[in-house]
Amino acid sequence: MFLQETTANTTGYMIAGYAIAFIVMALYVASLYIRNRNLQRDLTTLEEMDKAPAPPAARRPKTQPGKTAKPVTKRARK
Amino acid sequence: MQPKSVLLKILDVLAIVLLGVSTYFALVKAPTELVMGNVQRVFYFHIGTAWTALLGFLFSALLSLIYLYTRDLKWDRFQVAAIEVSLVFFLITIVLGSIWARPAWNTWWTWDPRLTTAAITELIYIAYFMLRQGIDDPDRRARFGAVYALIGGISAPITFYAIRLFRTIHPVVIAGGNPEAQGSFSMTPDMLTAMFVALIAFTVIFIDLYWNRIRLGNLEDQVEQLKLKVMM
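Chains as they are written, first to last, in our numbering: chain Y, 21 to 98; chain F, 22 to 253.
Honestly, the hints are just simulated from the structure, not real lab data. Do not rely on the hints blindly, as some may be mistaken.
[Stated by the list, open to error] For lysine-lysine, the following DSS-like pairs were computed, each having C-alpha atoms within a straight-line distance of at most 30 Å:
1. F:LYS248 to F:LYS95
2. F:LYS50 to Y:LYS71
3. F:LYS250 to Y:LYS71
4. F:LYS25 to Y:LYS71
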């Protein structure tokens, strides 16, 4: 390419480059939107489950005498 | 989830507008490079995405330090968001570089120091998400992720300086004249303008996507907490 006297015709590569850049960005924005929508649905379902009265036996997991349930996400509640 | 703030909505619009302006400058305002032709125009997006991605990786290393010091999961969410957006931007950098290399170097890929360090950086951060997927406990996941991102952060300056430290065919366009480089070019004032517009545009786009990703992380956390509450 660098020994030629006229400008190389590389327009096809340029179009491919810009097309890929825009497609990747669009896909990422779409993934943010879809994940957000799915989480909103999950949140609504969980809020409904939380409000609904649960049967007494299902409210707390059974623990053996002398043992307490392990708090899995103690810090996560911050 | 809280509704989007006015500032974020403005940032969303500004990011789209700046992307359009940057494309206009790169495709219309900047002159055609005499030797390489139009493919040189991918340079503006290539450098814009590379700049923000490498800064994002460094920023995530800083956030890791803050998390390890405070042990507050908020910083873990900020760190994940920074790495995810940087990973997407760096993928664009690598693909655009490869497309430029085909007519300039007559090959899609060569194991040049810059290309190799860039590929390693991308793989390091892909592995970061694989590591996180394998750990259930949020505290452990955040701790391991922070240490990994802190060590992985070293790859960003190595990638940046690879063309200045090693013999390479990759052009050093900013502050450097590499005699080994193939495909380097001198920038005219219009080219410089297009480059700076791209740098500003991609910085704003990065901040906008980063903010949106943080909001998604907060929502994920909210759902996880509610799941635990419902299960108990």
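Do the hints match the structure? See the list:
The hinted pair formed by F:LYS248 and F:LYS95 meets the criterion: a straight-line CA distance of about 19 Å does not exceed 30 Å. For the given pair, F:LYS50 sits about 59 Å from Y:LYS71 by alpha-carbon distance, which is inconsistent with the 30 Å threshold. The straight-line distance between the Cα atoms of F:LYS250 and Y:LYS71 is roughly 11 Å, inside the 30 Å bound, and the hint therefore holds. About 26 Å separates the Cα atoms of F:LYS25 and Y:LYS71, which keeps this hinted pair within 30 Å; it holds.
Hint compliance for this structure: hint 2 is the single one not met.
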